[in-house]
Amino acid sequence: MILLPCPYCGPRNASEFRYVGEVSERPDPNETGVEEWRAYLYARNNPAGWTTETWFHSAGCRQHLVAERHTMTNEVRTSRLPEAQLRGVNEEQATGGNVAVDGGGATY
Amino acid sequence: MRAIKSVLRAATSSVGPDRNGSKKGHKPYRYSAFSLLRHGFSQADWPRAWRKHDLKSSYDVVVVGGGVHGLATAYYLAKNHGIANVAVLDKGYIGSGGSGRNTAIIRSNYLTPEGIRFYDRSVKLYESLSADLNYNTMFAQRGHLTLAHNDSSLRTMRWRAEVNKLEGVDSEVIGPDEIKKLVPFMDTSEEVRYPILGALYHPPGGIIRHDAVVWGYARGADAQGVHIHQNAEVTGIDVADLRVEGVKTSQGDIATRVVVNCTAGWSTLISQMAGVRMPISTFPLQAAVTEPVRPFLDPVIVSGTLHVYVSQTDRGELVFGASVDPFTSYSMRGSLEFTEGLAGHVLELMPSLARMRLLRQWAGLCDMTPDFSPIMGVTPVAGFLVDVGWGTYGFKAGPVSGETMAELIATGKTPELIAPFGLDRFESGDLMGEKGAAAVGH
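Just so you know, the protein sequences line up as chains S and X, in that order.
Per the working numbering, the first sequence runs over residues 1 to 108.
Per the working numbering, the second sequence runs over residues 1001 to 1442.
For the record, the hints were derived by calculation from the structure and aren't laboratory data.
Heads up, the beta-carbon is just placed ideally off N, CA and C, and yes, glycines get one too.
Hints are not guaranteed to be accurate.
Per label pair, the in silico range of CB-to-CB distance [said to hold, decoys possible]: (1) S:36 to X:1250: 33 to 41 Å; (2) S:11 to X:1424: 39 to 47 Å; (3) S:27 to X:1380: 14 to 22 Å.
Calculated from the model, a selection of chain S residues having no Cβ within reach of chain X, i.e. all distances over 12 Å [unchecked claim]: (4) 5; (5) 6; (6) 22; (7) 27; (8) 34; (9) 39; (10) 78.
Computed from the model, here is a short list of chain X residues facing chain S with C-beta under 7 Å [said to hold, decoys possible]: (11) 1031; (12) 1268; (13) 1422.
Extracted from the complex, chain X is given alone in its bound form:
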């Protein structure tokens, strides 16, 4: 780490951090309607968005996991801190894990002030991400509604709204009449099994195209010299005297002083390779998507009581998600119980969807922590850093996680924004309870 820091110091002085994305000057778009036409007529091959490299025998930093967290960490390491001798390893293809399986919802209306500040920074980064990466991520801030079907939910919504407002996040509790105006198709009557009493309305929330975020970060990191290695599975981490010395992969061994665990699903197993035990249990989370229909649903709808959330993509498909499966598993098979339960709950909210057909369902892996907050920062093994335990809220935190983990690696100091999420909180008992705002059903 010390060697890296000195490398960095030299680099940062010349590069200088540029945190807020590049808003100075308009960059020409690399992908545009014009270039589409030109390539269509010329039949030329599209240029590769990121290159394939041979695995080097050593890197300054090795990032395990080529999802949004890993790629963002590599991107901000290169961009903000001038550390580009970085490898991002993925055992499959980039974005093949949680980053390509989530339901692409972005929001910052959490419960704890620490959580709100953290996720709000992420929303801010997402807002300028398309310009920063010069890649259209299609972030649509259509608003986010968390429905309350009982008194206790309504009280939690009110609590969240007040803490959100204190932290400067746009968030308010609204009644059934206003909900009906935002979502005319929703059954807000009192005759249903779980009548809607109100909702937490969060206008900056919305959806984004998650693949574009992964590809944009990959292209941005690659352009700055980061090596992205796909089909490179980590098989071991060399640790001597509680210091990281290298990584063994299916493509060869790498000598490095810094390894960042940015995996989801496999984060316990990767950490165990470095001898670090984690307070994590892995649960599958299933999602499903319907055939496309004309746009009719603007905001994202979440119901904790009914264990369901719905949004409509730009292509018109309805994307449904639910609670995590009721028991731990690394299996990503869908189940009929999920589909049946989901359909019943969705129809309770919007009976008019009864004739719609599901196109497909899938599952991703969620690393649940006891307090529904992530685990970020240093571990007892020097040079082994973690950015894990992302449960069901990892995608929305991708940019800020990359930014803060990069700062931690470059400066050796834990940024204030992620200090509350350290692994040591489980030893001190200083847990960050986010269940009231992070879990779908509670």
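This is chain S alone, in the form it adopts within the complex:
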């Protein structure tokens, strides 16, 4: 079991959350070539070490959060609200459009 520190709810079991994915900067779709856009869509760093990722507290406050986790040990060191959300822009932009669809349970 790993504990994720939710900025609203405090430390909670990871099973309450839905994993959304690596945080990556979304390029402006109006000014991006196909190659760069597809790389944004599909390519992943998938590091064996510290990674910054978005989670969705689906069984809690139903807010997105950004956490730093070590993928070898699953240690979580920080969590915060998505940056853009802190700046007051809407959630879709805050999470790079990568918003969890709540279907209940794991994806696969």
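Given chain S, put chain X in place with the hints provided.
Positioned in the frame of chain S, the structure of chain X alone reads:
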């Protein structure tokens, strides 16, 4: 690559490809009850199945990853194309990754025609593998049942069955009565939480002894001159002007023009050493095994809705697998959530197993791609080939992957069977959606 090709051309003309395994003439078995007795009485040391070599400073081909994919690639390179100056590197021992951690299920009832053709070739190769390798891999084609608990699953099963039949693969949707005949212990009543409405029945599917497949390929490759290097971790790949020049390992440097990435779990990291980014996320997948009991379960049972699959090994243990863990990780630690969830789901299917005890659980790493199909073939770096992104379906594709990757290396042309699985599909957007048949729960 050009140098290799010329080497090959000379070699292939004299060797000649023999694709379908050797069915001509019966080879004497190297391992038999008689030799077991003889060795038992004489107390002599068993001969090594594959040798240990010093790392050479150059090889024609370096295969990264000593699992079924890497060893099969090396085996078919030597056997079909006469390229034996090959090194297979593994950072641990051979078969210590996905090849020794999977649940050993073989099937070809996929969803896309391209996927079905590919996996069916693999089933065909598995059928003749014991004879080909002269090594008993214990392939038991006991049938494979994918249960449907709701209308949408049943529709996907029907879809899969029709595409399977078009491709000549034995596959049919059957009802609860027939399921009950095949698996009397299964609860096919309507009183359960998720009643079984039907199943996709795939008679050629089954289970195999996965270690034997790895060892058989290792012995076969070694006998033809391939060098297997264990405890040789790749620490870097030398690339100049988008061409591979060599590999750095913990045992020394190797000059080579061709590197094949046959790793699972670490495929993103190995590809990044060559400067190639991959559309892969690594998820752990857990499995568990019970104490052995008398044989009672013949086919392999899979339930997508309940996220579980069950088969009984020849030793009588029940092997359980489930969905991949809900978040990416390189950690291979088991979790209590998995065990609890698994037990609940298994008991829903077969309540009579309630008193059985789990012996152990383990995890392996699955490189998931966005479309649930593998990534095979060339990359933007000349000489750097990939056979990765095998998610939860890599073991069953081992032989055909080895055969086609060997052909690609030898001829320089991508075989038609793997053309749909190229890395370039993510640039063109021409994805191969296999989620409906490859994912356990969907």
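Results of checking the hints against the structure:
no., hint, result
1, S:36 to X:1250: 33 to 41 Å, "36 Å, holds"
2, S:11 to X:1424: 39 to 47 Å, "44 Å, holds"
3, S:27 to X:1380: 14 to 22 Å, "20 Å, holds"
4, 5, "15 Å, holds"
5, 6, "15 Å, holds"
6, 22, "8 Å, violated"
7, 27, "15 Å, holds"
8, 34, "8 Å, violated"
9, 39, "7 Å, violated"
10, 78, "17 Å, holds"
11, 1031, "38 Å, violated"
12, 1268, "4 Å, holds"
13, 1422, "13 Å, violated"
The structure shown violates the earlier hints numbered 6, 8, 9, 11 and 13.
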